Amino acid sequence: MDFKGRDVVSIRDFSKKEIEYILDCSERMIPFAKGDRTSDCLQSKILSTLFFEPSTRTFLSFSSAMQRLGGSVLGFAEMSASSVAKGETLADTIKMAECYSDIIVLRHNREGAARMAAEMSERPVLNAGDGAGQHPTQTMLDLMTIKLEKKKIEGTHVALVGDLKYGRTVHSLSYALALFGAKLTFVSPPNLGMPPEVLVDLQEMNADLTQTHFLEEAVGQVDVLYMTRIQKERFPDPAEYSKVAGLYKVDLNLLAKGKSSLIVMHPLPRVTEISPEVDMTKHAVYFRQAFYGVPLRMALLALVSGIPMGEFK
Amino acid sequence: MKELKVTPIKNGTVIDHIDPGMALKVLKIIGVTGDEVNSTVSVVMHVASSKVGWKDIVKIEDRELIPSQVDKIAMISPNVTINIIRNYKVVEKYKPKLPEILTGLVRCANPNCISNQEREPVQTKFVVVSKSPPKIRCLYCQRVTDKVAEHLI
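Just so you know, the protein sequences line up as chains P and F, in that order. Counting from 1, position 123 in the first sequence corresponds to residue 123 in this note's numbering; the numbering is continuous, with no gaps. Counting from 1, position 26 in the second sequence corresponds to residue 26 in this note's numbering; the numbering is continuous, with no gaps.
Bound conformation, chain P alone:
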């Protein structure tokens, strides 16, 4: 499969076979991501990281991924550090990054920004999140986590919990899980349910899905609890936020009602959805999930650069 020069804007731009190949390459990258093995296949390559919105994991893991493969990184981690603060358009910033680097990673506050950037740039553009839109590398690393921790995605029962209306990760993830034949349960407050267009889309894919407002109802049946943060900034009225903020919480009492093999995932950052006492249990995989972002992004950087994967066997 040839990914050289390819943009990574939306998970929907990739077939199931292509995603499987990317996950396979990502697994091969794990010893390199840990530093147990070394590669300088991207030596002399430069990655631009254009982050118009703050991010910890995505920014650091892309930087780590590039440097683990011998490449270098330039860019900015907030809008105030760029010429956009002086009124420059995104299009001009992309044209500039294209001149200075080989690959562009973009996080932007507007939906569709990465698609526009990909159209403007001759260099591959990797979408690191565009507003409330797509975040394909997060979706891929979530799939990788389930594949590695549960050994398979097909037939695995995944509950997506929390803000399913505004949560960027859950929309693409539910699509990708349905594509791989996972069983889905959506757990959300009534006013933060999965948007109708996402539900219609999943129904058209014949996805096996159920919905509930009660986490206790779902926990005993599922293999994966995928927790999300209920975002305070979405609520104009703080009283409305506080009604739903503490609604779903994973703690030892809840885990006692689940399968012994249950795993808990979270795209992070977490607030109160997962009690710190869970961190020490075998159920907690969210920090490993954050780590998988590095080998996954290493694989994508190598693939879009046209590096043969044979080197990583």
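It is possible that some hints are incorrect.
Below 27 Å or equal to it, Euclidean Cα-Cα: the simulated DSSO-like pairs (lysine-lysine) are [what the hints assert, rightly or not]:
1. P/K313 to P/K34
2. P/K165 to F/K51
3. P/K34 to P/K282
4. P/K34 to P/K4
5. P/K17 to P/K151
6. P/K165 to F/K147
Simulated from the structure, these hints should not be mistaken for lab results. The model shown is predicted, which means the values in this text are computed figures rather than measured ones.
Following the hints, put chain F in place on chain P, whose structure we already have.
Using the frame of chain P, we list chain F on its own:
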């Protein structure tokens, strides 16, 4: 003899089978605002039709439509028929087909979409998800809208 509410035109375009109530939007699309008068425009609304129940009709004398206008009309009224008239005869009659991708014709309904940023050099692009009723998906932000008439450029 059948009574004609509007007399035949010698040269020009007859837009027939417009969804009832959409004739004024068609006028907006073809740029009939009253500011500039070059030819006669006749509008008939809520006409009984054996084919479609009720319809609107617009007749424009001495003018033929450009493709982007035809695409826009097809978006807001998918069953429309365009008749080109020359010397009182229908020389061409067709039902416009919506292209798969609409470029620069509609504004995205999502105010936070990059295509709504005035200074960015980007034309709006939509995939036609459904032709009748019209439903389009923004190629940039993926927002789907069925209120096409409200977002025409």
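Results of checking the hints against the structure:
1. P/K313 to P/K34: Given pair P/K313, P/K34 holds - Cα atoms ~15 Å apart, limit 27 Å.
2. P/K165 to F/K51: Measuring from Cα to Cα gives roughly 43 Å; hence the hint is violated.
3. P/K34 to P/K282: Measuring from Cα to Cα gives roughly 21 Å; hence the hint holds.
4. P/K34 to P/K4: holds, 25 Å
5. P/K17 to P/K151: holds, 17 Å
6. P/K165 to F/K147: holds, 21 Å
Going through the hint list in order, the structure does not satisfy hint 2, though it satisfies all others.
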